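Engineer: If you read the sequences in order, they're chains V and L. The numbering used here applies: residue 1 is where the first sequence begins, and numbers increase by one. The numbering used here applies: residue 1 is where the second sequence begins, and numbers increase by one.
These are computed hints drawn from the structure, not numbers from a lab. Any given hint might turn out to be false.
On the chain V side, residues computed to face chain L include the following (Cβ under 8 Å) [stated by the list, open to error]: (1) L26; (2) R140; (3) E252; (4) T256.
Keep in mind that this is a model prediction, so the values were computed, not measured. Backbone N, C-alpha and C define an ideal beta-carbon position, used for all residues, glycine too.
The residues making up each chain are set out below.
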Amino acid sequence: MTFPKTLKAQAAQLGTGKTALRKKGLGIWQNCSWLEYLENVRTLALGLHSLGFAKGDKLAIIGNNRPESLFAEIATQAAGGIPLSLYHDSSPKEVAAALIKFDVTVAIVENQEQVDKLLDQPEQLPNLHRIIYINKRGMRKYSDERLVTFEAVQGLGTALGDQRPELFDSLVAAGKGDDTAIICLTSGTTGEPKGAMLSFRNLLSMSLAFNEADPKKAEDEFVSLLPLAWFGEQLMSVAVPLVAGYTVNFPEKDETAMADLREIGPHIMLSPPKVWESIAASVRVRMMDSTPFKKFMFNTFMPVGERYADCILTGVSPSLPLKMGRLLADILLFRALRDRLGLSRIRSALTGGSSLGTNVFRFFHAIGVNLKQLYGQTETAGIICMHRTGHVQGSSVGLPLAGTEIKIAENGEVLSKSAGIFKGYYNDQEVTRQVLTSDGWLKSGDTGFLDSNGHLTITDRTNTALTLSDGSSFSTQYIENNLRFSPYIAEAIVFGGGSLPLVALIGITSRAVGKWAGDNKLSFMTFADLTSRPEVIDLIAGEVTRVNATLPDLARISRFAIIYKELDADEGELTRTGKVRRETVAVIYRDIVNALHAGTETVPVDTSIVFPDGKSGHIRTTVATRKT
Amino acid sequence: MVQLSCSDIQLNFGGVRALSGVSFEVMRGEIFAIIGPNGAGKSSMLNCISGLYHPQQGKVTYEGQDVTRLPPFERTKLGMARSFQNIALFKGMTVIDNLMIGRHLHQHSGLISGGLYYGPAQTEETRHREYCEEIIEFLEIQSIRKSIVGTLAYGFQKRVELARALALEPKLLLLDEPMAGMNLEETEDMVRFILDTNEARGITIIMIEHDMGVVMDISNSVCVLDFGKKIAGGTPEQVQQDPNVIKAYLGDEDLEEL
Chain V
1 MTFPKTLKAQ AAQLGTGKTA LRKKGLGIWQ NCSWLEYLEN VRTLALGLHS
51 LGFAKGDKLA IIGNNRPESL FAEIATQAAG GIPLSLYHDS SPKEVAAALI
101 KFDVTVAIVE NQEQVDKLLD QPEQLPNLHR IIYINKRGMR KYSDERLVTF
151 EAVQGLGTAL GDQRPELFDS LVAAGKGDDT AIICLTSGTT GEPKGAMLSF
201 RNLLSMSLAF NEADPKKAED EFVSLLPLAW FGEQLMSVAV PLVAGYTVNF
251 PEKDETAMAD LREIGPHIML SPPKVWESIA ASVRVRMMDS TPFKKFMFNT
301 FMPVGERYAD CILTGVSPSL PLKMGRLLAD ILLFRALRDR LGLSRIRSAL
351 TGGSSLGTNV FRFFHAIGVN LKQLYGQTET AGIICMHRTG HVQGSSVGLP
401 LAGTEIKIAE NGEVLSKSAG IFKGYYNDQE VTRQVLTSDG WLKSGDTGFL
451 DSNGHLTITD RTNTALTLSD GSSFSTQYIE NNLRFSPYIA EAIVFGGGSL
501 PLVALIGITS RAVGKWAGDN KLSFMTFADL TSRPEVIDLI AGEVTRVNAT
551 LPDLARISRF AIIYKELDAD EGELTRTGKV RRETVAVIYR DIVNALHAGT
601 ETVPVDTSIV FPDGKSGHIR TTVATRKT
Chain L
1 MVQLSCSDIQ LNFGGVRALS GVSFEVMRGE IFAIIGPNGA GKSSMLNCIS
51 GLYHPQQGKV TYEGQDVTRL PPFERTKLGM ARSFQNIALF KGMTVIDNLM
101 IGRHLHQHSG LISGGLYYGP AQTEETRHRE YCEEIIEFLE IQSIRKSIVG
151 TLAYGFQKRV ELARALALEP KLLLLDEPMA GMNLEETEDM VRFILDTNEA
201 RGITIIMIEH DMGVVMDISN SVCVLDFGKK IAGGTPEQVQ QDPNVIKAYL
251 GDEDLEEL
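This is chain V alone, in the form it adopts within the complex (with noise of 0.2 Å):
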């Protein structure tokens, strides 16, 4: 099966009754049905073959996520090209180094700002020939010869339907389940983004695993938020709908999502780490805010939340008080709050990418929220252990999908092996054979142990445990995920280890810490004078000692200093994802770490950055270091 053959399928068998995809326009939900899907890839694929797309050329999607995306990846494999998704907020650089590296030649993108991306390139890219827009405001003025409207290209796909009826049918048939279906970017936090080719087969067998663990009904909403460019949404937006059959829904501008969440209430929902903590925090910043009756309500029943999770995640039952208890906060207080985030029908709750901190996945069960943890990569079509639903564990990472064989290598490193195990990297074959035997089991980088249950407990990720003095050694992550429980606390990156003392990058939230600073009658300029104010420094402080009390005596923070900037994916310090990547954190700030190990009080910097607006600025500031 590919995708396309799936789309037919479901959409012959559910036609108009059912809403695939929503999108919110003119302030409404408007409903596409499978039927319309369907019509809609059809022409496009249509058009696309028209304009010449032939088997196995490359097309590339850029823009935020709209059902239009969708159409174009399906067509894309209809006509029997490779899809590929890139994050919409990427660079003119980074867009034209992954058009050249995947010999893109066409590109459907979503507006003008993205055109503008790949018109204003140094050089012409050398293999695009056409470049597909969707939304038409502001392009009146352009005449390269390669713009075409989406419209446009649909239109030329009808009309060639209409002259040969079967022609679709037969593209649709040619494609075949090993055929590679996207190629996908992996994340890396290590080095320049890699493309993953990954088959139909990958995809379908994945998603019905997935289904089978964790079973969703095609009553279910999902509101699709993040970018198509990551794997889970890949699998959350497009493979998994098509086989289980809920609904897709999509935002209608970034700023209004969260509203349109909670409007839709889906059932399901997959983000990375980096959006629970960021709503766990957003309920801690707004309660900060509300009044005494709330606060006192929230101070009263969340530790019964809290207790009632530590027994869930321990898989200790609780006893009938505390059942009551929770019964009754729940009418109280969790439901309430479960409506405000837009999780009040929530049934699967997942998150998966990296390592989610304890903290956040206490929050979470207390408030009522079965949050899931996924361990997978891109490389093995996603997922390779989970959680499921009464066997939640806050220390492991769940048992290992139907299908999926999982074994543990010699230095301890996570092995797996599949039908969802990737084809390799694109014009890769080298990082291939680094990263799959020869044998067919995928390398995960990570190193972990199956307990007698057979659940998989991961104890580090991508090497980045740290060797403490007396030889032991511990997660940096495990650190790391602490402090950002803190609301004031963004970024927190670790170094140290071995002979060197423990010292922290902190970096600030700004709104929780603005907001800090204006209760405390606190004047500040910009983020960095809000950086390097005493006061900030002494309320990280206190953050940091609390967390300090939780660790072991030698896992704990010696000096920290706060970053005077927030870090961003322009300039590499994160991944689009929003992963640190530590490497360039390091080598950034190295003068701080430097100072931090050494014990020096400040630091002067005098550096220049490049804002989200492409201009750049000049930082001109003196960091101090604290000792706690």
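Since the structure of chain V is provided, determine the placement of chain L on it from the hints.
Structural biologist: Same frame as chain V, but now just chain L:
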């Protein structure tokens, strides 16, 4: 083709002469800027066009019709809309309600059918709501459509005011300092919206603006006023070179020093 022409406009407030002998023509589909130092009579000029003031002398001709004596609401029916320097919205109402009031002109259902909200009144309301939603999308204010206007940031309120003016379906839009008090980013957004309004909707725009960068960038013609008199007019390039304009902005003494 000339859409609006003002000839020999003279406006007095008691003994104060706000405008004297001002004449200019605005072509259909252009962006026309009125500039000048503070107190030059720019807003008075705009008020003469919109009908808030009636000049003692001179003639305002719009689409070939003499509108000098027409009250503002009659001119609105002819397709003029405006925004104000100090935001004039219903602050206690939502954005969408403010826009729907802008549609009032085009709503025809009577007191009874409208009040009972049955049949034709309902379909009419839906149609107008759709029109307003298109403007909301056009100006990218989806996230605030149900917010109370008074609670919004200044830049958003300015945008809502433009939205309400567009809800009138105007052929000629008068903007009184649309970019006043905005930061760089808000100004850039507003410029884009004004250009899009002009290009995509084909609406003629007359605007008063202090930001010379913006004026010189986007307007097709400029009229410069000083002490109630027109001292220069033409394309932005011509106006920039004009010695009278330089004098009005920099003053005589400074000019000598230069």
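Engineer: For every hint, state whether the structure bears it out.
Structural biologist: Verification of the hints:
At about 4 Å, the closest approach between the beta carbon of L26(V) and any beta carbon in chain L falls short of 8 Å, and the interface hint on this residue holds. Of the supplied interface hints, the one on R140(V) holds, with its beta-carbon coming within about 6 Å of a beta-carbon of chain L, less than 8 Å. Taking 8 Å as the C-beta contact cut-off toward chain L, the hint placing E252(V) at the interface holds, the least distance being around 5 Å. Checking T256(V) against chain L by beta carbon gives a least distance of about 5 Å; that is within 8 Å, so the hint holds.
Checked against the numbered hints listed earlier, the structure breaks none of them; every hint is satisfied.
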